Each structure stands twice: as C-alpha cells, then as structure tokens.
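Start from the sequences and build out the full structure, keeping to the hints where you can.
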Amino acid sequence: IFAILPFYSEDVEDSFRLGGLGRWYGRLVALIVLISSLTFGEDVLFGSREYRMVASAQGDTEEINRTIETLLCIISYTMVVLSSVQNASRHFRTLREIAKMDEYLLAHGFRENYSCRSLAILVTSGAAGVLAVAFYYIHYRSGIGSKRQIILLLIYFLQLLYSTLLALYLRTLMMNLAQRIVFLNQKLDTFNLQDCGHRDNWRELSNLIEVLCKFRYITENINCLAGVSLLFYFGFSFYTVTNQSYLAFATLTAGSMSSKAEVADTIGLSCIWVLAETITMTVICSACDCLASEVNGTAQILARIYGKSKQFQNLIDKFLTKSIKQDLQFTAYGFFSIDNSTLFKIFSAVTTYLVILIQF
1219 IFAILPFYSE DVEDSFRLGG LGRWYGRLVA LIVLISSLTF GEDVLFGSRE
1269 YRMVASAQGD TEEINRTIET LLCIISYTMV VLSSVQNASR HFRTLREIAK
1319 MDEYLLAHGF RENYSCRSLA ILVTSGAAGV LAVAFYYIHY RSGIGSKRQI
1369 ILLLIYFLQL LYSTLLALYL RTLMMNLAQR IVFLNQKLDT FNLQDCGHRD
1419 NWRELSNLIE VLCKFRYITE NINCLAGVSL LFYFGFSFYT VTNQSYLAFA
1469 TLTAGSMSSK AEVADTIGLS CIWVLAETIT MTVICSACDC LASEVNGTAQ
1519 ILARIYGKSK QFQNLIDKFL TKSIKQDLQF TAYGFFSIDN STLFKIFSAV
1569 TTYLVILIQF
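Just so we're aligned, residue 1219 is where the sequence shown starts under our numbering, counting upward by one.
Keep in mind that the hints were calculated from the coordinates and are not lab data.
List time: in silico DSSO-like cross-link candidates among lysine-lysine, alpha-carbon distance up to 30 Å:
hint	residue 1	residue 2
1	Lys1432	Lys1405
2	Lys1432	Lys1318
3	Lys1405	Lys1318
Treat the numbers as computed from the prediction; the structure is a model and nothing was measured.
Below you can see the structure in the form of structure tokens.
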C-alpha cells in the first residue's frame, strides 16, 4: 500500500508476475510523496521560526537543530519511497528466485517458519509512542499554528511509518533467508561424517553448493536494493539520536529558565524518540549481522570438507575462492558496514559529540 513493495499478481511461482497496475500505483505513490516533500521542505526551510516548539528553553540553536532534523526527516522517508519504487522489478525478481529455490528446500525437509509479530508490536509501539508524545507536545505545549502542526505531525508520521515498514520488511526477508541458509549449512556439515567417495554424495554436494551460491547472490542483491534506503535512514537516525540527546540534556539543565511541565515534556519527547530509533536500528542491524554470519559460515564448512576427497576439491574451489576473497558484508550503499557493531559505533560517536557540545 505504501510502495515499499509493488503489487504482485498471483501467489504461485508459474503465474507470479509484476503487473503494470502495480508499477503505476508505486509510481503514483512516489510522485505524491515527492511533491508533498518538496512542499513541506520549502515551508520548513523558509518558515523555520514558525516551527519552534519552545521559544526560550533550549537556546538560540534550537531553531537550527529542529530545521535540520525536520529536513533530514523529509529526505529520509522520501528516499526510501523513491528507492523502493525504482527497484520494484529487482524486488520482484528476488522474491521469485527465493520461491524457486524453496521447491528444492521443501523436497529435502525444510519446514522452518519465521514470524516477527512480537518484534513488530515492539517497533510499532515505539513509533506510536513517539507520534503520541509529539502530538501532545506540538498541539498543547508549543506555539505552532494549526496548519503547521498538521504538516509537522504528518512529516513525523511518514518518517516513522516508512522506517518501521522498512525495518520489518528487511528483518522478515533476511531472517527467512538466514533460516534457509542455516538448513543448507547443516546438510552441508553432514558431509564431514559421510563417505565422500560415493557418486550420490558428489551429486548432492554439487546441488547444495549451487543453491548456496544462488542464496549468496540473492543476499548481495538485497544489499544493493536496500543500500540507498539504509544510508538515508541511518543518516537521519544518527543526527536525531545526537540532537535529541543534546536537547534532553539542555532542557534538564535549563530548569531555572523553564517550568517543570516544559522540562518533563521536552525530555519525554527526546527520550522516547531516541528509544524508538534505537529499537529500529537494532532490528535492522541484528538481521543484517545474522544473515551475513550464516552466509560467511558456509565457506568454513566447505573448507573442512575440502580435504576429504580430491574429487570435491575442484567443485569447492570456485566457491571458496570468491568467499575467502570477499566476505559478505551489508553496507549503507558502501559508505559503512551494518552489523551488530554499528550500534556501538553510533553511540560511541554520539557520546563523543555530546561531550564536545556540552563543554562548548
């Protein structure tokens, strides 16, 4: 509905196709989002004083910080939509390739099923909490006019909506792929316990390596598809976490200038926003790290099989050569890697910047 994925026809592999109606619907959504973003961006940029939430509590830089944050918010969700619509055909091909290989997996006993319902409730609750606190703060505590209240809340809503959908879609897709690769790796690992000289084993190993190569290609393709969206989302999240953390500290230390209600409301908005962004980034980073670890683990299993039989060595050589030279790594369009260490790096940088800002 929101054009993260295009509409597809049928749910059977043979008739599974990307229809013209689905293409044009996605383009229409992207056009509406782009026009609204340009309109909102112009209003926020040239009417920034009208968007000030607190006129005196957070110093002279509050207006600049809020303006930059709001513009990054607009750019972030707009690029997610444009990138998703642009890559609609590649999304379709990726899902179709997974569907084709599931026939092989089901025939060999794969029955796993992944659900992120509990995680979806957590991420959605965090986003809804941010929107609810922002509505209370903007509507009841700020001096922003009614028209601009609607614009600001709509910007926040679209950002939270698209970041939540993107995180849950990538989480579901990556964890489903990780389950399939775990299953294949387990079957591959049994070759260490078998008599590798049998011809049937050679044929089965050949099929397994072929399927794993396809899954590796699909995983690399997903990285390319989501790279732009992840780059702009993480850019926005990094700035937001830094800015909201600083605003919370500035509000807390401005008790002599603000009423207690203002202090509580400002800190509440900042804290819940930081919490929501942290949850969303954790969902994405952990999924990327899990899938990359499983894909890279295949090379280690094959390396153990390599010495068991000479006839396997030529078969395994091609896969190992690529895997050893090129460990799979998810990146934000090549600018930085995305894994479990990314959150640590982000919060280390945020802490450093906060210390500098507070001292300055």
